[in-house]
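Engineer: Okay, here's what each chain looks like letter by letter:
2 protein chains.
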Amino acid sequence: MSDRIMLKLGGSVITDKSGDCAIDRDRLSGIARDIARARKDGILIVHGAGSCGHPEAKRYHLDTGAAPGQAGGIAVTHHAVSALNAGVVAALRQEGIEAVGIHPLHAGYADGGRLVAFECRHLDQMLALGIVPVIHGDVVMDRSRGACIVSGDQLIRFLAGRLSLQRVGLATDVPGVLDRGMVVPVITPATIQTLQIGSSTHTDVTGGMRGKIAELLELAEAGIGSEIFHVSRIPDFLAGRDCNGTRIIT
Amino acid sequence: MSDRIMLKLGGSVITDKSGDCAIDRDRLSGIARDIARARKDGILIVHGAGSCGHPEAKRYHLDTGAAPGQAGGIAVTHHAVSALNAGVVAALRQEGIEAVGIHPLHAGYADGGRLVAFECRHLDQMLALGIVPVIHGDVVMDRSRGACIVSGDQLIRFLAGRLSLQRVGLATDVPGVLDRGMVVPVITPATIQTLQIGSSTHTDVTGGMRGKIAELLELAEAGIGSEIFHVSRIPDFLAGRDCNGTRIIT
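For the record, the sequence lines run as chains A and B.
Residues in the first sequence are numbered consecutively from 6, following the numbering used here.
Residues in the second sequence are numbered consecutively from 6, following the numbering used here.
Take these hints with a grain of salt, some might be off.
No distinction is drawn between identical chains; accordingly, a pair holds when it is met within one copy or between any pair of copies.
[As the list claims (entries may be wrong)] Straight-line Cα separation of at most 25 Å, SDA-like style, residue types lysine to any residue; simulated pairs:
| # | residue 1 | residue 2 |
| --- | --- | --- |
| 1 | Lys63 | Gly118 |
| 2 | Lys63 | Arg98 |
| 3 | Lys45 | His84 |
| 4 | Lys45 | Gly74 |
| 5 | Lys63 | Leu134 |
| 6 | Lys45 | Thr255 |
| 7 | Lys63 | Gly135 |
| 8 | Lys22 | Leu183 |
| 9 | Lys45 | Arg150 |
| 10 | Lys22 | Asp68 |
| 11 | Lys63 | Glu226 |
FYI, nobody ran anything at the bench for these hints, they're computed from the structure.
Predicted, not measured: the structure shown is a model, and the values here were computed from it.
So that you can see chain A by itself, here it is in the shape it has in the complex:
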């Protein structure tokens, strides 16, 4: 396939946020089957951390950085999200997808909590060879803070334009962005102010739904629209059909 798409799997979709790194392997298997039925290459997958990493990041206060002598939380947090990444990669490979996990701690560098570098040429070459890179929210070394948390949504924002991805979809456990219980079909920089969007009730060091929308609005302003939809809609998204979710555009 010549077009390239990015699919984000929300952390709360693939883990049970009530436990400590409880990977939902049955759901992951179903998602991997849905993806493999639609296409086996030309996809870059990003996933959140869910219950694997968020509790550790919070316990070690990585959302505020890391100083010498406080480095212990970096390895522990990275280990937790890497375990989830291995689970996602294994589920995809089980379905015949040539998935390879890539860790932002290894590939990226941040300053003030924002990515300033992430090697993309290897991702580009992997996509050209039929490999599906699987990237995840992670702890990343930070010039000014020592270390920081880079969410899956920030990764989408950083990578989508650099890798010439035509479509970006975010599979979540809700049917879209909800405003007073209803799915908001379209969000633009002009309409975001009028919405009442609740914050996530779970442990989330990355800004919850508001943080997600802010990243996606930046992406839209860079020319790449995206859509937030329910995980059951992945086959529709991959086939280019309407997902009845929330589109974030300019």
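Let chain A serve as the given structure and place chain B on it in line with the hints.
Structural biologist: Chain B in isolation, oriented as in the chain A frame:
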């Protein structure tokens, strides 16, 4: 500690090259204890692949590259060397060293079999925070070849100058570079031509001892001398004492 050193653990030191990825955990534990007794930070550790990765790289012909449809060997080879890396990291952490594994497949990019990029700022920040990065010979995506093998020795060559490392030591299962059974005390660009150096008898897709010396001579020409010594000499190297090995200098 303010000085920074690089220690390379040869693949044949930490694995049994006769088997398929047979990690020598007892020897690794002893090495980790030796390191921890001398210092717990200010070190960057690089290790070879030994029997974890070399057979896979050869089976999939990764020494000659990878084309679309041949990507399968990349994940398999990376998986093998990553398993060894996890073993090295675990042995070091067991001794109280804040070790974190970093994969060249994630952090680097090559062209024509040579690294052209490798994120170093995160390594620099890790060293500043007291973390010991543990890097290894790996498959790396390559602009012209699709993928290639980057040896631990090439990594030393690429990283030592960029990370301002003052001393570079390579622990091997021989007491140094041997010429007709004797350790050669010093090798320079002028003397290398006069030596009779055997090639490795094991499966090695990275050029054996000749390839190693070529990398280290390049490093010497960039102003950083190095020493090849027997693994039992690690305490001497870390303490700055003579290792009775082979020094590669200009």
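Engineer: Each hint should be assessed against the structure and marked as holding or not.
Structural biologist: Hints versus structure:
1. Lys63 - Gly118: within (15 Å within a copy, 41 Å between copies)
2. Lys63 - Arg98: For Lys63 and Arg98, only the inter-copy Cα distance (22 Å) is at most 25 Å; the intra-copy one is 31 Å.
3. Lys45 - His84: This pair counts as between: shortest inter-copy Cα distance 20 Å, intra-copy 27 Å.
4. Lys45 - Gly74: The answer is between: 12 Å across copies meets 25 Å, while 44 Å in one copy does not.
5. Lys63 - Leu134: between (38 Å within a copy, 19 Å between copies)
6. Lys45 - Thr255: neither (30 Å within a copy, 52 Å between copies)
7. Lys63 - Gly135: Classified as between: cross-chain Cα gap 21 Å, same-chain 37 Å, threshold 25 Å.
8. Lys22 - Leu183: Classified as within: same-chain Cα gap 20 Å, cross-chain 58 Å, threshold 25 Å.
9. Lys45 - Arg150: between (39 Å within a copy, 22 Å between copies)
10. Lys22 - Asp68: Intra 18 Å, inter 44 Å, cutoff 25 Å: intra-copy only.
11. Lys63 - Glu226: neither (31 Å within a copy, 47 Å between copies)
Hints 6, 11, counting from the list given before, are not met by this structure.
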